[in-house]
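K.L.:
The hints should help you fit chain B onto chain A, whose structure is shown.
Number of protein chains: 2
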Amino acid sequence: MSLPEKQTAVRWYPPSYDIRVESAPVSDILDPDDAIVKVTLAGLCGSDLHVYRGSGLTKDHTSGHEFLGEVVKLGSNFGKNVSGRPALYSTLKVGDKVVAPFTVNCGECHVCRLGYTGRCPNGLLFGSPLLEGGQAQFVRVPKAGGTLYNLSDPQAWSLSVSDKNTITAISSIADSSLLLLSDILPTGVFAALQTLNHPKVQPMLTGKSWPNSCLQMTSHMPLAQDPLLPEDRMLNLAIVGLGPVGICAAVSLLDMLARNDLPFRVVAIDPNESRRRKMVAVYNVIPKEDRGKGEFVVQDIEEAKETMKGWTDGIGATAVLEIVGNNSALTLAYDLVRAFGAIISVGVHGSKEMPFKGVQLYNKNVSFDFGRCPARSMFPLAVEVLVRRQDVFGKVGTESSLIDKIVGFDEAKQSYEDFDKGRIGKVLFDPWK
Amino acid sequence: MSLPEKQTAVRWYPPSYDIRVESAPVSDILDPDDAIVKVTLAGLCGSDLHVYRGSGLTKDHTSGHEFLGEVVKLGSNFGKNVSGRPALYSTLKVGDKVVAPFTVNCGECHVCRLGYTGRCPNGLLFGSPLLEGGQAQFVRVPKAGGTLYNLSDPQAWSLSVSDKNTITAISSIADSSLLLLSDILPTGVFAALQTLNHPKVQPMLTGKSWPNSCLQMTSHMPLAQDPLLPEDRMLNLAIVGLGPVGICAAVSLLDMLARNDLPFRVVAIDPNESRRRKMVAVYNVIPKEDRGKGEFVVQDIEEAKETMKGWTDGIGATAVLEIVGNNSALTLAYDLVRAFGAIISVGVHGSKEMPFKGVQLYNKNVSFDFGRCPARSMFPLAVEVLVRRQDVFGKVGTESSLIDKIVGFDEAKQSYEDFDKGRIGKVLFDPWK
Numbered sequence: 008m009s010l011p012e013k014q015t016a017v018r019w020y021p022p023s024y025d026i027r028v029e030s031a032p033v034s035d036i037l038d039p040d041d042a043i044v045k046v047t048l049a050g051l052c053g054s055d056l057h058v059y060r061g062s063g064l065t066k067d068h069t070s071g072h073e074f075l076g077e078v079v080k081l082g083s084n085f086g087k088n089v090s091g092r093p094a095l096y097s098t099l100k101v102g103d104k105v106v107a108p109f110t111v112n113c114g115e116c117h118v119c120r121l122g123y124t125g126r127c128p129n130g131l132l133f134g135s136p137l138l139e140g141g142q143a144q145f146v147r148v149p150k151a152g153g154t155l156y157n158l159s160d161p162q163a164w165s166l167s168v169s170d171k172n173t174i175t176a177i178s179s180i181a182d183s184s185l186l187l188l189s190d191i192l193p194t195g196v197f198a199a200l201q202t203l204n205h206p207k208v209q210p211m212l213t214g215k216s217w218p219n220s221c222l223q224m225t226s227h228m229p230l231a232q233d234p235l236l237p238e239d240r241m242l243n244l245a246i247v248g249l250g251p252v253g254i255c256a257a258v259s260l261l262d263m264l265a266r267n268d269l270p271f272r273v274v275a276i277d278p279n280e281s282r283r284r285k286m287v288a289v290y291n292v293i294p295k296e297d298r299g300k301g302e303f304v305v306q307d308i309e310e311a312k313e314t315m316k317g318w319t320d321g322i323g324a325t326a327v328l329e330i331v332g333n334n335s336a337l338t339l340a341y342d343l344v345r346a347f348g349a350i351i352s353v354g355v356h357g358s359k360e361m362p363f364k365g366v367q368l369y370n371k372n373v374s375f376d377f378g379r380c381p382a383r384s385m386f387p388l389a390v391e392v393l394v395r396r397q398d399v400f401g402k403v404g405t406e407s408s409l410i411d412k413i414v415g416f417d418e419a420k421q422s423y424e425d426f427d428k429g430r431i432g433k434v435l436f437d438p439w440k
Numbered sequence: 008m009s010l011p012e013k014q015t016a017v018r019w020y021p022p023s024y025d026i027r028v029e030s031a032p033v034s035d036i037l038d039p040d041d042a043i044v045k046v047t048l049a050g051l052c053g054s055d056l057h058v059y060r061g062s063g064l065t066k067d068h069t070s071g072h073e074f075l076g077e078v079v080k081l082g083s084n085f086g087k088n089v090s091g092r093p094a095l096y097s098t099l100k101v102g103d104k105v106v107a108p109f110t111v112n113c114g115e116c117h118v119c120r121l122g123y124t125g126r127c128p129n130g131l132l133f134g135s136p137l138l139e140g141g142q143a144q145f146v147r148v149p150k151a152g153g154t155l156y157n158l159s160d161p162q163a164w165s166l167s168v169s170d171k172n173t174i175t176a177i178s179s180i181a182d183s184s185l186l187l188l189s190d191i192l193p194t195g196v197f198a199a200l201q202t203l204n205h206p207k208v209q210p211m212l213t214g215k216s217w218p219n220s221c222l223q224m225t226s227h228m229p230l231a232q233d234p235l236l237p238e239d240r241m242l243n244l245a246i247v248g249l250g251p252v253g254i255c256a257a258v259s260l261l262d263m264l265a266r267n268d269l270p271f272r273v274v275a276i277d278p279n280e281s282r283r284r285k286m287v288a289v290y291n292v293i294p295k296e297d298r299g300k301g302e303f304v305v306q307d308i309e310e311a312k313e314t315m316k317g318w319t320d321g322i323g324a325t326a327v328l329e330i331v332g333n334n335s336a337l338t339l340a341y342d343l344v345r346a347f348g349a350i351i352s353v354g355v356h357g358s359k360e361m362p363f364k365g366v367q368l369y370n371k372n373v374s375f376d377f378g379r380c381p382a383r384s385m386f387p388l389a390v391e392v393l394v395r396r397q398d399v400f401g402k403v404g405t406e407s408s409l410i411d412k413i414v415g416f417d418e419a420k421q422s423y424e425d426f427d428k429g430r431i432g433k434v435l436f437d438p439w440k
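So the sequences go chain by chain: A and B.
Everything in the first sequence is counted per our numbering, starting at 8 for the first residue and increasing by one.
Everything in the second sequence is counted per our numbering, starting at 8 for the first residue and increasing by one.
Any copy, or any two copies together, can satisfy a pair, since identical chains are not distinguished.
Computed cross-link-like contacts, DSS-like style, restricted to lysine-lysine with a CA-CA straight-line distance of at most 30 angstroms:
#1 66 with 364
#2 359 with 312
#3 13 with 412
#4 440 with 412
#5 300 with 402
Since the hints were made in silico from the structure, they are not lab data.
Next comes chain A alone, as it looks inside the complex:
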């Protein structure tokens, strides 16, 4: 296909608050692993605001790391079945609908093979000085066989969903929902999965006390079984931060708890009342039979501290999901968590020093998981949550939807401003509107 030479794109200029919608060149294939994607929807994400507000970057670039689209051109390494390379190099076709994670990952190095795609040494962040972003009509995707997820054929990559019903269902999902796969839904799933998979949470899931609950090791260690009492298995969890990612984490967590039939109490926390209202509206949309056998409350900080004390006799939360990325959120998580508890932090943290003294961490036997979601590895799990929770994710512009509206690029500059000021929630751009 011959690509157009020019396109309309949303571009950021240094040092800050300077968004321009302008004509920009369309990139052609630069490397045999590249794909060119025609963007059908692009998202505006909270982390776009880090760049928008000025984080020291000095090079103008096309914004955006959330996009969905259609493959319009493939590099010469596609159409070849090379052993050891991601299957997408042999199966992806022009015309396929694809979504990308917010970072490039090759899918074939040691780090990617382990599943840690968010830290691929060949990784680049879309919408950064090193890689033009997706708030454009066309976007070049490097290492596209490893990076892209083929929504037209979810079996194509080695880590794909295997449930036929899921595959059928994907084709009926709105693009505005599929777009959530690029960042915020996998990040929510990542937080929930790390929580329930944490060794310090395993006693509740397995019914075995620690260290008998150490799954991989026990078959080699002749310890006696010790079924825990039913009351010991209650999961007392807190979610700190109810922005779009926090809500995705809550919905993912509730989904995993319900499917695994685990007893739980979850308090979802935000000081902002409108965010709490959104969280309540989302929860109310979930059918009662899908809410699992637990309690879910939405509270401000001081209420939540009292709630957790009451639930646990002052002992504290089994685990806390920290979805904010600042020191007051981390401190709240520490205050809420029990001794031998886990803090799962997926918030993007900045240059502040950690707010903890060594003795605090030692005295509470705290565990932490920090860092960026390996979104590409999370796609299969995120797709499943998306398919099951269409009641939550399938809406635009309602009280319970994560997406406020879909607008054209003509409203991009104003949308950045409104989003930065907290006047609107999540906005998607239709580059062709």
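P.N.:
Okay, now just chain B, sitting in the frame of chain A:
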């Protein structure tokens, strides 16, 4: 039995560096759950030096949290089989040989049932203003049915070893080795177990990439299998700090790696040459056939950084065991660990702020496990390591032994001083010598 009224004890006086060996009252049973233990050996531990050097405590007390002995008197709650109480309340007898963890734990609250005995809300540290220590001829053990481990009958508590050979072997182990169960060996086992049980290490153990390696969840999640390549499964590990606990961690880790037939490379690190020499001597004592299929090197800090770079192509260690408890050790662990790696910190940290900025933790997707060893829960695993590694632990005063010498209380004052100045290694006291 009628106890003597007076005994000889090693007592600490505020504010610092004031150790007196003097006559002190023998405590009788104060609570129906108490046991009185006649001490046959007591240890001098690195963490005794925190108190010795002056940490703000203002009340004099008998020192020591490592002791081994014989039950001489039991409270009235013993000899009764009460449902839900630790079995030891019905089985422990006067004359039994027992070891205690360094903290009291009731063994019957929610926290203890989960296995997190090191943070029992009823817990007290032996050798503190709240509980007289074990560097004495007699010691009172509160909550003794939960706290003590019966070496005369290791099946007595619910978390006991089930291997008959192990039970037989315990009776042939020297007291100087059994004393290591009170603190340093379980702490080493704790570090090793947390490392190999960490979710970020699971891909290497299971051969499945993350998140397929999330053991508890996968049966509910229809993900494809993806056997990792053999070279992806290499465990690259570092141990920071080769004091007595660090050596226990190294021996425990090597034992677990060998028994699980895992491929590994371990670098054990200390800036102190005599500690490195001790570590090498210990390693050389382990028979070749028990060393597992891996490489083990002992190096200083700069050498170790280069070694890890070379082993991993610059990617870094799968996990780092931090057995020191200060910020330079934590910083070294951070520098050594890979993205999506784990830092297992069992060092006792003080009042310093953590040496990390949020962005560092986010950018490396680091996980941390901090905190005190729940020694009582670790006893069964620690006993197994002790039995198997008698070649290492069964010695006193040799080049490879963890214990330099056994002395009487008349040498206690001098031993504290020499230990504080680094002039001697670990010393045990025989209160009856």
